[in-house]
Amino acid sequence: MTERHPPSASRGIGVGTGAVLLALGSLVTGYLLLLAYAAEPAGPWDSETVAHSNIAASLALALALVTALLTWVCAKVEWLQRRWTALPVLLALAAVLRLTLLVPEL
0 MTERHPPSAS
10 RGIGVGTGAV
20 LLALGSLVTG
30 YLLLLAYAAE
40 PAGPWDSETV
50 AHSNIAASLA
60 LALALVTALL
70 TWVCAKVEWL
80 QRRWTALPVL
90 LALAAVLRLT
100 LLVPEL
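Here the sequence shown is numbered in numbering that gives the first Met the number 0, starting from 0 and rising by one per residue.
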């Protein structure tokens, strides 16, 4: 017979910490994307706004990739990995779109 052990408190703390990190990463990534998409140049002379939008989108892309990797590490069940990795992947796609096709024009 195999012995079943009750879940330990450290496992619950680890799950809670992982959930907080993933939620915080997604929220910060979403905020950076909001900043990147909200930045529109005032005219052809406003190259700083375009640069700031690109910086925000680049940071969002990097953070989305880190969040996706953390999701892959934290979610040990295969079907849970696919489901929870979708949000960081969609955020990364939005950042890539802002950096390529939807870049603000001067």
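Worth flagging that the hints you see were computed from the coordinates, not collected in a lab. Be aware that one or more of the hints could be misleading.
[What the hints assert, rightly or not] Here are the computed distance ranges between Cβ atoms for each label pair:
| id | residue 1 | residue 2 | range |
| --- | --- | --- | --- |
| 1 | Leu34 | Leu68 | 17 to 27 angstroms |
| 2 | Ser46 | Arg82 | 37 to 47 angstroms |
| 3 | Ser57 | Val14 | 39 to 49 angstroms |
| 4 | Trp71 | Leu96 | 18 to 28 angstroms |
| 5 | Arg81 | Leu23 | 19 to 29 angstroms |
| 6 | Thr48 | Gly15 | 20 to 30 angstroms |
| 7 | Lys75 | Leu23 | 14 to 24 angstroms |
All C-beta atoms in this analysis are idealised placements derived from N, C-alpha and C, irrespective of residue type, glycine included.
Right, here's what the structure says about each hint:
A hinted range of 17 to 27 angstroms holds for the C-beta pair Leu34 and Leu68, which are about 23 angstroms apart. Separated by about 41 angstroms at the C-beta atoms, Ser46 and Arg82 satisfy the suggested range of 37 to 47 angstroms. At about 31 angstroms, the beta-carbon gap between Ser57 and Val14 misses the expected band of 39 to 49 angstroms. A C-beta distance of roughly 23 angstroms is found between Trp71 and Leu96, which places it inside the suggested range of 18 to 28 angstroms.
The hint said 19 to 29 angstroms for the Cβ distance between Arg81 and Leu23, and at roughly 22 angstroms that hint holds. Separated by about 40 angstroms at the C-beta atoms, Thr48 and Gly15 break the suggested range of 20 to 30 angstroms. Distance hint check: the CB atoms of Lys75 and Leu23 are about 20 angstroms apart, consistent with the given range 14 to 24 angstroms.
Of the hints listed earlier, those the structure fails to meet are numbers 3 and 6, in rising order.
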